[in-house]
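> If you want the building blocks of each chain, they are given just below.
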Amino acid sequence: MSALPKRIIKETERLVSDPVPGIQATPNEDNLRYFQVKMRGPIQSPYENGIFKLELFLPDEYPMEPPKVRFLTKIYHPNIDRLGRICLDVLKNNWSPALQIRTILLSIQALLATPNPNDPLANDVAEEWIKNEPQAIKTAKEWTKLYAMNEVMD
Amino acid sequence: MGNVPGKLDEQGINTINANVPNANTSSNSTHTNSTSTNSGSSHVRNTRSSTISSFTGNSTRSSRQRRATSLVGSFINGATGRSRSDTAAINKNSTKKKNPKERDLLKEEHDKKLVVKYYENVDGGYLAPYGCHHREKLDYDADVVRKLIIDRKLAPFYIPLEDFDTNWTDQEIIKIFDSLTLHQAYIQDPEEFDDIPLGNDIEDYDEIISLVSMDQSLSKRDQKKLKSMIFKARLYRRRINWQEMENEIYFNGKLEAKNKNLPSDDLKLALYKYNGMECPICFLYFPGPMNISRCCLQPICTECFVQIKRHDPHFSHDEQNSEQQEDDPHLLISEPARCPYCATPNFGITYTPPIDRCTGIHGYAPKSYVSKGNQQGKTATETDAEHPTVTSDEDDNTSPSANVEPPSRRTSVSANDPSVVTSDMIRPDWESRLNKARLRLARKSANATAIHMSNRLVERRNINNDNAKDLEEEMIKHAIRLSLSDGN
Ligand SMILES: [Zn+2]
Ligand SMILES: [Zn+2]
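Chains A and B, in that order, are what the protein sequence lines are.
With full-length UniProt numbering applied, the first sequence covers 1 to 154.
With full-length UniProt numbering applied, the second sequence covers 1 to 488.
No lab work stands behind these hints, which were simulated from the structure alone.
Hints may contain errors.
[What the hints assert, rightly or not] Distance condition first, Cα-Cα at most 25 Å in a straight line; then the derived PhoX-like pairs of lysine-lysine: (1) A:K6 - B:K372; (2) A:K6 - B:K137; (3) B:K436 - A:K92; (4) B:K137 - A:K10; (5) B:K153 - B:K113; (6) A:K92 - B:K309; (7) B:K101 - B:K224; (8) A:K68 - B:K224; (9) B:K175 - A:K68; (10) B:K107 - B:K260; (11) B:K175 - B:K372; (12) A:K6 - B:K107.
[What the hints assert, rightly or not] What follows is a set of in silico ranges between Cβ atoms, one per label pair, in the way DEER data are often shown: (13) B:K232 - A:N49: 44 to 54 Å; (14) B:R238 - A:N150: 52 to 62 Å; (15) A:N49 - B:R238: 34 to 44 Å; (16) A:R85 - B:D194: 51 to 61 Å; (17) A:N150 - B:L211: 29 to 39 Å; (18) A:R85 - B:P190: 20 to 30 Å.
[Stated by the list, open to error] So, partial list: chain A residues that the calculated Cβ filter (under 8 Å) puts toward chain B: (19) K68; (20) P97; (21) P117.
Glycine included, each C-beta is placed from N, C-alpha and C at the ideal position.
For reference, chain B alone in the conformation it holds in the complex (with noise of 0.2 Å):
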């Protein structure tokens, strides 16, 4: 496996830069939105306009008119008894919904990513996390938070320690260091998961699946749940294999003493002697310097900083009363994750990487890393010459102490400052959420409407056919003003 770590450097960035073609880009949208979205009345505005966007694509009126009109067809339709069928064909048009099979694949990529790989090492730290909080909220985007990392916008995924004595000696540290694994131990059956038939192999789960689709116990939606069940439980089982590899490959680098991508005594010592403290959140000791609140300037780890999202869409506190509003799907809203530590809105970090450790990615080989004290032997060998970024290790003319840490900010700093990482930064789907669900609102309304109509109409057209006609009309009204107000 010794040239799983050299390989690293030329294929491991090439897929993450293809990965985010323009990270940048999409990250300044994102600062746009949530501020312009900050206050009332203007926020819902702001989004419903973006809603019409993201419901049409390219030419915005054109593909309204359309909808309009199908939707009065389908509304028509309904009295005459098709409407089901031709509703749920105009929704499947009106958002381009991934197909099962699709999702499945990108569920599976976005865990394979997840996966912490030695070799894939930043300054001493990882691009995915160690683990310490339940796996449910790791949805954020991976490729973009692995990018932040190598580009050192953002700490790396460092391992913890659960304590840190001051009284260790350089040896035990180590000791403790080298004992360490890449990744939390997993729990291999979680209760979540009991009672899920998993079948043995990755080639028998169409089997399973077929299987269930064909049990008439079931009902269609307990198959279709007891199908995803089946996918979350295998998917949590082969991320727990990929893993098991990567440490088995960690393991075995280990045992190749001149590995150059394992971290040197030195670096173990940088780490978690002399820059290390603990996270106010999760409680466990990381190695410094840890990101820091833009607002308040208050610490926070890599691990706990991807665990702070939006709430789920929902409805404001104030309009939740009235229950014609819970019908609205533009008073659906969700706001900007809010700071842990002082509540400001739009939560962000910065984060200013170690001056004397730039290692890994972009950086030189971790086994080269030589403390300021020790460096009149170091003969760094830089893995990656060409990238003029690096801040490397050439100014050892300063102080003898074992560590520089960087300057440290003083002051608190806006969420549009290029310096600052955004929880939406890192979750840039926030709004398609949102959009989706305000769709499947409307699209319930819509259905209870139509139904309520037909029926209505069943009823009138017994008994006087103008009063059908009236409300024929008014159910085309009806639909008109739905649509629109889907695009509005």
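For reference, chain A alone in the conformation it holds in the complex (with noise of 0.2 Å):
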């Protein structure tokens, strides 16, 4: 376990004091590296009055590399898969450490407000989206019920 570098700790104080509305990303007592987030489904969205779940954890490379961020709770969406793992170019080869886990976040929740089934992770859900996106947007909002209810932001 290396030490905390300056720059997560005063991401994290920031994050914490001046919080971004609809995310709450809470750091592990344990591991500080460690962050438990909840994030509101976007208005307007399949995804809306759900709270989703995910978890955040900051390797040694960070900011040289980018967070790993996955969701927790299942959510029915073209560019997460079964794992809640997400497909968004700045986790990976867009990734710049001039962006922090507030900004990641913010992109995370846009990337709710606007599926891509073109760059599909979830190769069966974008198929469903492609051919048939009313039904995909049904079936998204009865996983956000069936799912994505039973959490309650702090």
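Now that you have both chains on their own, put them together as the hints suggest.
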């Protein structure tokens, strides 16, 4: 376990003192590189009214390497697979060390509002999204009701 | 240790210069390459042609032919059961592979250059990183970076502060400075080296290694892995020792009242009180002036700048889907690093050194630094008077304010501008890394094809001799194609 870089300390402080609306990131007491995240589904998206749990981990190389983020709550989305892994360019090749936990979480929230079935991670979901969008949106809403209504924001 | 600092100006510089005989030439060539590789298909073609030259070194055509014939030979021999060792021999010839000992020595040399030494200072900073980031990515060319810092083309590595409070008194700032260490504390036993047999002395390294080689319970591959971990862990431990030795030299230096290589109190204040700012990437507080991104004029500390590099060679996104193309070494690409702030390709910075603070190497002694306000009684002893490039403190008839900031750039500059230091310049080996990755892939698919074809040959031989001949011809053709495509 390496010493916690100042950047992580400062980011965490700022996340707590000036939280992003609709997003809550709480560091784990035993491991300050590990965050539990709750994210409100964007309004007018199939995820509206849902509260989704995610986990976020800052690797040793952070911020030179992106954080690792995963959905814990089941979600029906073409860019999120069954294991909760997220297909988002800024989490991979387009990561920049000038981005932060805050901006990454906002990007993920934006991804919920604008699914992109042409660059899928969950192929079956993407297929459904392209073939029959109204049905896909209906399923996404159902999943939100089924799996994302048990949490509250603190 | 009183004479260590004095030695530096002659010795330190000479070794630095000797190590980078033509840093300018090499960086120029990097420029031309990287600018021409910016877009799409021309990118692939360009890097292809450079692939040839690095495969062969001198005469392109003859060695390409040699390669072709020997590859054919190995394919044919493969059918009679001698293929693998022959191919291995050829591969050895075609890339001048460094032997493991040489490679280890190079790594050791590199790590030695990452040790911060207080008497190697420039304008109040140093030539080696403080260690804000994970050590994995310090694989930049240390000679190039050291030279850029000495030439004042890149900000030196300063010791950062975690925070800065404008309410601090001068005395407080000086006290904080005096408590700083040259390098961030090392973790003594990193997790990754748990359970690695280390041995005690440098001498018993060979012994441990030979024990690993004899361990029958380990596969050859596991042995290799373990050996490299042992090397890594031991090197890490030695690095800690090297830095600790330098810390001690620094500490002893501080005990000498007249040590010229330690900063005056005025210099400490000039660094942290008047010129400091927070780096937007590591959030640490550094003395200015900072490096400025060439594209969007954002500040970046040198510690962060040396971390930014190309991704490892990968397949371009569009072609990733087709499996066949995954075999084609020429589709492996490596794009220049992008600006972390605005994503402009070919990241680079410019740096304007401080006007009134030219201390250390190619400057005057840090001890003799006196801020403008205090300059009446100043007796700056020039340690390096014969260097005309030194922007010295002659023009002290200007404003009485403590510090004069150099004029800063207002517009972006191109990556080719001579004032720009690009990410590629400090990692000039990016191209050979790419070529190596391509060669590895080419070898892998060549081996796969050879095995596949010799299997077919053995099968067919039992049935029909004509067919076998056809197949042999097919193999030769394939081998020629393969080796030609290696070089084209
Ligand atoms: Zn920085
Ligand atoms: Zn930029």
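> So, for every hint listed, does it hold in this structure?
We went through each hint and held it up to the structure:
1. A:K6 - B:K372: violated (33 Å)
2. A:K6 - B:K137: holds (18 Å)
3. B:K436 - A:K92: Distance ~24 Å between K436 (chain B) and K92 (chain A) Cα, so the pair holds.
4. B:K137 - A:K10: Judged against 25 Å, a Cα distance of about 22 Å means the pair holds.
5. B:K153 - B:K113: Distance ~19 Å between K153 (chain B) and K113 (chain B) Cα, so the pair holds.
6. A:K92 - B:K309: Within the cut-off at roughly 15 Å; holds.
7. B:K101 - B:K224: Cα-Cα ~13 Å, so holds.
8. A:K68 - B:K224: violated (30 Å)
9. B:K175 - A:K68: violated (40 Å)
10. B:K107 - B:K260: Between K107 (chain B) and K260 (chain B) the Cα gap is close to 33 Å, so the pair fails against 25 Å, i.e. violated.
11. B:K175 - B:K372: Status holds; Cα separation ~22 Å.
12. A:K6 - B:K107: Judged against 25 Å, a Cα distance of about 29 Å means the pair is violated.
13. B:K232 - A:N49: 44 to 54 Å: Holds: the Cβ-Cβ distance is about 51 Å, inside 44 to 54 Å.
14. B:R238 - A:N150: 52 to 62 Å: Since the Cβ atoms of R238 (chain B) and N150 (chain A) sit about 54 Å apart, the hinted range of 52 to 62 Å holds.
15. A:N49 - B:R238: 34 to 44 Å: Between N49 (chain A) and R238 (chain B), where Cβ atoms are some 58 Å apart, the hint is violated.
16. A:R85 - B:D194: 51 to 61 Å: violated (28 Å)
17. A:N150 - B:L211: 29 to 39 Å: Because 56 Å falls outside the window, the suggested range is violated.
18. A:R85 - B:P190: 20 to 30 Å: holds (28 Å)
19. K68: Not OK, violated: K68 (chain A) not within 8 Å of chain B, min 15 Å.
20. P97: holds (5 Å)
21. P117: violated (16 Å)
Violated hints for the displayed structure, listed by number in ascending order: 1, 8, 9, 10, 12, 15, 16, 17, 19 and 21.
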